[in-house]
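Asker: One-letter residues, chain by chain:
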Amino acid sequence: MKGVWSFVGLAILCGVFCSGIEAQKLDKGVGPYGEFWKPIPTQRYWAPNYFYSPPEEPKGVYQADECTLCHKALNPGLVKAWEESSHANLDKLLDYQKEKLAEIEKNLGRKLTKVGCIDCHGKVGAEKLDHEKELAMPSPALCGECHKQEYQEFESEKQYGIPDWKPGRESHAKAYDANLDVDVWAAVDKNIVQGCDMCHSIQHKCDSCHTRHAFKASESRRPEACQTCHNGPDHPDIEFYRDSKHGSIYLIDGKNWDWNKPLKDAKYISPTCQSCHMYYKGQYSHNMVRKAIMGEGDVLFYDNVFKGIKPTDYLKNSKELMSRREAWIEVCVQCHSPRFSRDYLDSMDKASDSVFQYVSDAYATIKSLYEEGILSPMPENRPKAPAPVAEKYPDLLGGFYGEFWAKNGNQSRIEKDFLYMWENDAFLVRKGLAHMNPNGFTYISWSNLLKKYVDIQSEANALRRLAALEKKKLRARTKTKNR
Amino acid sequence: MKGVWSFVGLAILCGVFCSGIEAQKLDKGVGPYGEFWKPIPTQRYWAPNYFYSPPEEPKGVYQADECTLCHKALNPGLVKAWEESSHANLDKLLDYQKEKLAEIEKNLGRKLTKVGCIDCHGKVGAEKLDHEKELAMPSPALCGECHKQEYQEFESEKQYGIPDWKPGRESHAKAYDANLDVDVWAAVDKNIVQGCDMCHSIQHKCDSCHTRHAFKASESRRPEACQTCHNGPDHPDIEFYRDSKHGSIYLIDGKNWDWNKPLKDAKYISPTCQSCHMYYKGQYSHNMVRKAIMGEGDVLFYDNVFKGIKPTDYLKNSKELMSRREAWIEVCVQCHSPRFSRDYLDSMDKASDSVFQYVSDAYATIKSLYEEGILSPMPENRPKAPAPVAEKYPDLLGGFYGEFWAKNGNQSRIEKDFLYMWENDAFLVRKGLAHMNPNGFTYISWSNLLKKYVDIQSEANALRRLAALEKKKLRARTKTKNR
Amino acid sequence: MKGVWSFVGLAILCGVFCSGIEAQKLDKGVGPYGEFWKPIPTQRYWAPNYFYSPPEEPKGVYQADECTLCHKALNPGLVKAWEESSHANLDKLLDYQKEKLAEIEKNLGRKLTKVGCIDCHGKVGAEKLDHEKELAMPSPALCGECHKQEYQEFESEKQYGIPDWKPGRESHAKAYDANLDVDVWAAVDKNIVQGCDMCHSIQHKCDSCHTRHAFKASESRRPEACQTCHNGPDHPDIEFYRDSKHGSIYLIDGKNWDWNKPLKDAKYISPTCQSCHMYYKGQYSHNMVRKAIMGEGDVLFYDNVFKGIKPTDYLKNSKELMSRREAWIEVCVQCHSPRFSRDYLDSMDKASDSVFQYVSDAYATIKSLYEEGILSPMPENRPKAPAPVAEKYPDLLGGFYGEFWAKNGNQSRIEKDFLYMWENDAFLVRKGLAHMNPNGFTYISWSNLLKKYVDIQSEANALRRLAALEKKKLRARTKTKNR
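Protein chains in written order, with our numbering: chain Z, 69 to 551; chain C, 69 to 551; chain U, 69 to 551.
So that you can see chain Z by itself, here it is in the shape it has in the complex:
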């Protein structure tokens, strides 16, 4: 082993040499705003389906069993991870995995002894690979050649999403394309917004959850498997889960649970992300968007604010959402009484109405300032956001683009507060309730929501007073002139 690691130095030389080469696929962007941006080199890895091309070095055609000869020296860590995988140990599978293997072999029409580098980075079953031309980053479709059911489940998310929105939005299976639809993402430095890509890449990469190259199912069944994307100010899922009673029990007791069991057999005494979100009407699957209303922040506390539709009305008028709610209740009932489950989720909706009221009031304040010409600066007097961001009303009064771009008064602080109010805090009250995290929806989200509401009212007050003073002054000056 030691010898292997000492080869690293040599291998680096190759790496350094290879690294300067740009693949031609990086010439232009893709998606509706593709003309406005150019990919950066790392996007080859975030969206390999769109941008990947092999490095120029090494050249040559390699046999399937030659890969590790070099990569064990060059990247010992990744080879070691693969050596720990089921792919490398098809003879040591668990019973349920053996059944899966038998099915895969039946589909492929041949026996498998191992799944090696070339099967995923070239073609399934390939015997050799032209490194410079054929090397590929595996996509869900490629994984799906063996893992058919899982792939189909994952792809089926494309049929779900937010009612009245494009199908599959929001879903994991169209996450990257959702990114491409965002004007401000297209507009700003890709070195920054590749942060969006790193999560939204899940459309192109099964290893978002099943981390390479060990791909342990036991790992992807753990809440931590979700946390790299599902954390932070706009979706603190893992934070809310971790500190909830559900999460606390997991943290204390989880290490004693059998993570090798498929979810349907595991039945932990406390839920995980997976055991709730992958469950739907008695089954567990890779379609995780059939119960919850994804993107609630955008619909409940933004779109609907402009329409004046409060959450309980919106929800109860949607047959689809009401049916998802019933499926949600079924999850809770596994451990809680049906009366409690229903009452609790009802209270989440009613709480959302209170949130909605504050967001609507804040918006009304800003809208009124805008209509009276008191915003400072007014949209016409400030820099425009770069193309393709189209600043259309009401989006120009605190729209999402302000999350990633700002310039000299666009946005001003009152609109930025509003942006955070609907984009983060409002939704998080609901999310805190959904994840049974009491601080999550009170001292964290509700308090933050009120803080911004307060700042908005005080700022509006100051803007009005300044405008009034300037008006008097102007009038005075005019009078003086006219005297």
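No lab work stands behind these hints: they were computed from the structure.
Check each hint, because a few of them may be wrong.
[As the list claims (entries may be wrong)] Coverage of chain U stretches by chain Z, computed from C-beta distances (three or more under 8 Å per stretch; other residues unrestricted): (1) 403-413; (2) 510-521.
[Stated by the list, open to error] Once the Cα atoms are required to be at most 20 Å apart in a straight line, the calculated SDA-like pairs of lysine to any residue come out as: (3) U/Lys332 x Z/His139; (4) C/Lys418 x U/Gly97; (5) Z/Lys93 x U/Gly97; (6) U/Lys191 x U/Lys96; (7) U/Lys540 x Z/Arg532; (8) Z/Lys452 x U/Gln425; (9) Z/Lys148 x U/Asp321; (10) C/Lys418 x U/Pro454; (11) C/Lys234 x C/Ala334; (12) C/Lys540 x U/Lys539; (13) Z/Lys418 x C/Pro109; (14) Z/Lys148 x U/Lys323; (15) U/Lys335 x Z/Cys138; (16) C/Lys148 x Z/Asn328; (17) C/Lys540 x U/Arg532; (18) C/Lys93 x Z/Asp414; (19) C/Lys323 x U/Asn372; (20) Z/Lys96 x U/Lys418; (21) C/Lys196 x C/Ala156; (22) U/Lys160 x C/Val147; (23) C/Lys140 x Z/Ile397; (24) C/Lys335 x U/Arg280; (25) U/Lys106 x C/Ser415; (26) Z/Lys329 x C/Pro109; (27) Z/Lys475 x U/Arg237; (28) U/Lys323 x Z/Asn328; (29) C/Lys460 x C/Val256; (30) Z/Lys140 x U/Cys344; (31) U/Lys418 x Z/Val256; (32) Z/Lys332 x C/Ser415; (33) Z/Lys323 x C/Lys93; (34) Z/Lys106 x U/Phe408; (35) Z/Lys540 x U/Lys540; (36) Z/Lys541 x C/Arg533; (37) C/Lys540 x Z/Ala535; (38) C/Lys323 x U/Asp321; (39) U/Lys539 x C/Arg532; (40) U/Lys140 x C/Ala334.
Where a beta carbon is used, it is the ideal one built from N, C-alpha and C, also for glycine.
With chain Z held as given, fit chains C and U onto it using these hints.
Answerer: Okay, now just chains C and U, sitting in the frame of chain Z:
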């Protein structure tokens, strides 16, 4: 097992049917402000002593051994948790638990083979239960029928609390009633402030720490058992512990410790929440409020700000608090030198004086604006908080009610900053020190405190300048008129 | 054991008695600003090399084997921790530890049976100790008498640090002295800024990472060993790691890894703090500052803002930093392709340029307000920071001193926002990228950076409008007078 889970669908039907029924106990609130609010359905579960009544379905009388027949299908998770409990496995107890059992049996005057659903959800030792009429959510008093000592220890908290405050405030044993005493809690949407209930329910529910239905003592001895309530911006106990050296050692090494041992025998090499907070003069108990000064934020950095009493003076003049301090030092000395322990806690008090100075200065600024009529809006020109919130001086200048309610300038941002300053940051400097978390009291709390102090001073400056301009303008206008 | 613990009460008496005594070494500060401050008692423990002196009690000379007689009763926790240490169990060492022991014994010229209290708190190999006169807190130099190589590696950090800065700044090995160089640290209440000491004490205390008294190497190899210092708003290293995919794998799988192996043999399938930061060109050592650019916030986004040098230019013009980068890439390549590794770190630099632009724009705004006399209050009209803080341009426009001290407009909120912008957010975009935490550099840091940028622009706008109004008013008044 599989068969059992497939019954869920059927069982749901019952749940759905039962859920529409409102118990009559939800008619009116309780406590000093009971007339101002009406409970929501979920409060049946947060304060069962006050609001619980059984669902209308199922009807009928059930024998003790019939419960799991239905609930195994309806709520398999909770039955599974119970099956893992000591209650279900009285034949597999640890030695110290056997002693406890013997004592319990002696008190009850009979042998126990198991503790089942009916014992806790009906009456201890009951043989049958009229589900529609007799089903109950267990209270500490009910748990105390068997667990006498633990119950008595828990109840004994009612004699402690903050000197000069109501007895038992702050304590776990009167936590829910403390909630009921808060005017703003009574005033706002219960669907939001049930977040307060979910923690303050500890007065009514032993399963806040001993989570149902496994009730593992080994779980309740872990810091994570406390975290669902003890986290967040106003009391980041678990956050401060986790990142402290104490917590780091626990996180690394804790899984190797024997959590089945009672605290008095365990003697971990790093403290947990329990090993410090349950300790008092050589004993461990369920009374956790005999050493620390609970509610410090309210006393040290709010009440005393108005009185002008700085922390070191307040503390050294209280015989009771000085005696608690001595008990606190005893805990530290288990691992640290007495000189270090004493000096360190002294430095926490002296640091509190520095905090106090900033809070007092900020308050003086706001008070002065108020007296000069420069707050904007002035209390008389803004919406009143809903009853029963009584906006009395000094509470109207940044009082606690602003944490949960706001409307158009009540509170304005300068008062909101002050609220967060005393309610969160000030106290957290002290808490960070108490939990030996260096960032906790510097870059987190002290910095946040100064940030708000700075915002308050700058806002005061802007308010004064605006007022001065408006006054001149007014004067000018008056002069013009009088000319 | 029980008997031992009941002695605590007695032992406390001694502690209480001893605690009133101040050591003479606490008379005055040390370092360049030593004349401006006096140490507090706890600093004896944060910087024992400078301030420690033994307590007056107990008096007398004790034999090596007498220590635990008393301390087992007085501080059972610390004795228990020592009993778990390798120091107490030299007969149960792992193979690689036996080799180390043999080497140590060769250097000392004698066999060791155990390493006891007196060896570290007195002199290595001492047989007795005059408690009142000779008791010492061990320094790295003392640990280095046995652990030569580790000590030398640690000390070697003093030769590294930020190019063009004092050698060893930033390094662990000169961390406390770096503290002493900070004017605001010298100026403010030591009870507060001992929070800085508690981390910067690493210069004087190996037990910052190797926590006493068990000193388990298996513990110090875990990421949690770093977290007590490396967390929080100014350096959320552990937070960014924990939620990254690297950290998630560690959290899930790490407990199965063999922590008893030295890093060079361990080769985990996901990196830890240690496996990246202690690695340098094929070797692991206690010098952790040879790859990264420490203190980047101060250089890239502060010093260089005033000089107008953007990050990519600064980095590519430094031979030293470019060579560190190559060493950094070698770490990534252990698991990632060289092309990806290089491209990714390049994108981190390019992202830094975008950050730099916002910081520069914000600074230009504040500088312009300053030059026009519009800051409110202007530096000449506000309280001066206490000595030895020298408010020199540009530091007076949002310099570091504002992190720990504020008074009535010094700093004002626009400068405070700028301070947080360069000191926290700007750097954290880079840190989030470095630690592969997508939310870390987008919704957390980039968003926070833009929020402050926006607040600064809006505040500047308000300040300008107020100043313009006051100027008119003044002019009007002057005109009236002159009329």
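Asker: Each of the hints needs a verdict: does it hold here or not?
Answerer: Evaluation of the provided hints:
1. 403-413: holds (count 10)
2. 510-521: With 8 residues closer than 8 Å to chain Z, the stretch 510-521 of chain U meets the three-residue bar; holds.
3. U/Lys332 x Z/His139: 19 Å, holds
4. C/Lys418 x U/Gly97: Holds, at about 19 Å.
5. Z/Lys93 x U/Gly97: 62 Å, violated
6. U/Lys191 x U/Lys96: 27 Å, violated
7. U/Lys540 x Z/Arg532: Holds - the C-alpha atoms of Z/Arg532 and U/Lys540 are around 19 Å apart, at most 20 Å.
8. Z/Lys452 x U/Gln425: 17 Å, holds
9. Z/Lys148 x U/Asp321: 14 Å, holds
10. C/Lys418 x U/Pro454: 19 Å, holds
11. C/Lys234 x C/Ala334: Judged against 20 Å, a Cα distance of about 35 Å means the pair is violated.
12. C/Lys540 x U/Lys539: The given pair, whose Cα atoms are some 13 Å apart, holds under the 20 Å limit.
13. Z/Lys418 x C/Pro109: Answer holds: Z/Lys418 to C/Pro109 is near 12 Å, not above 20 Å.
14. Z/Lys148 x U/Lys323: 17 Å, holds
15. U/Lys335 x Z/Cys138: 18 Å, holds
16. C/Lys148 x Z/Asn328: 19 Å, holds
17. C/Lys540 x U/Arg532: 19 Å, holds
18. C/Lys93 x Z/Asp414: Holds. C/Lys93 to Z/Asp414 sits at ~19 Å (cutoff 20 Å).
19. C/Lys323 x U/Asn372: With a Cα-Cα distance of about 47 Å, the restraint between C/Lys323 and U/Asn372 is violated, given a limit of 20 Å.
20. Z/Lys96 x U/Lys418: Holds, at roughly 19 Å.
21. C/Lys196 x C/Ala156: 18 Å, holds
22. U/Lys160 x C/Val147: 46 Å, violated
23. C/Lys140 x Z/Ile397: 17 Å, holds
24. C/Lys335 x U/Arg280: Cα-Cα ~16 Å, so holds.
25. U/Lys106 x C/Ser415: 14 Å, holds
26. Z/Lys329 x C/Pro109: Since the Cα atoms of Z/Lys329 and C/Pro109 sit roughly 37 Å apart, the hinted pair is violated (cutoff 20 Å).
27. Z/Lys475 x U/Arg237: 35 Å, violated
28. U/Lys323 x Z/Asn328: With Cα atoms ~16 Å apart, U/Lys323 and Z/Asn328 stay inside 20 Å; holds.
29. C/Lys460 x C/Val256: Given pair C/Lys460, C/Val256 holds - Cα atoms ~18 Å apart, limit 20 Å.
30. Z/Lys140 x U/Cys344: Between Z/Lys140 and U/Cys344 the Cα gap is close to 19 Å, so the pair holds against 20 Å.
31. U/Lys418 x Z/Val256: It holds: about 12 Å lies between the C-alpha atoms, which stays within 20 Å.
32. Z/Lys332 x C/Ser415: Judged against 20 Å, a Cα distance of about 55 Å means the pair is violated.
33. Z/Lys323 x C/Lys93: Measuring from Cα to Cα gives roughly 42 Å; hence the hint is violated.
34. Z/Lys106 x U/Phe408: 18 Å, holds
35. Z/Lys540 x U/Lys540: Holds, at roughly 11 Å.
36. Z/Lys541 x C/Arg533: 15 Å, holds
37. C/Lys540 x Z/Ala535: Judged against 20 Å, a Cα distance of about 16 Å means the pair holds.
38. C/Lys323 x U/Asp321: 14 Å, holds
39. U/Lys539 x C/Arg532: Since the Cα atoms of U/Lys539 and C/Arg532 sit roughly 16 Å apart, the hinted pair holds (cutoff 20 Å).
40. U/Lys140 x C/Ala334: Judged against 20 Å, a Cα distance of about 16 Å means the pair holds.
In summary, the structure is inconsistent with hints 5, 6, 11, 19, 22, 26, 27, 32, 33 from the numbered list given earlier, while agreeing with the others.
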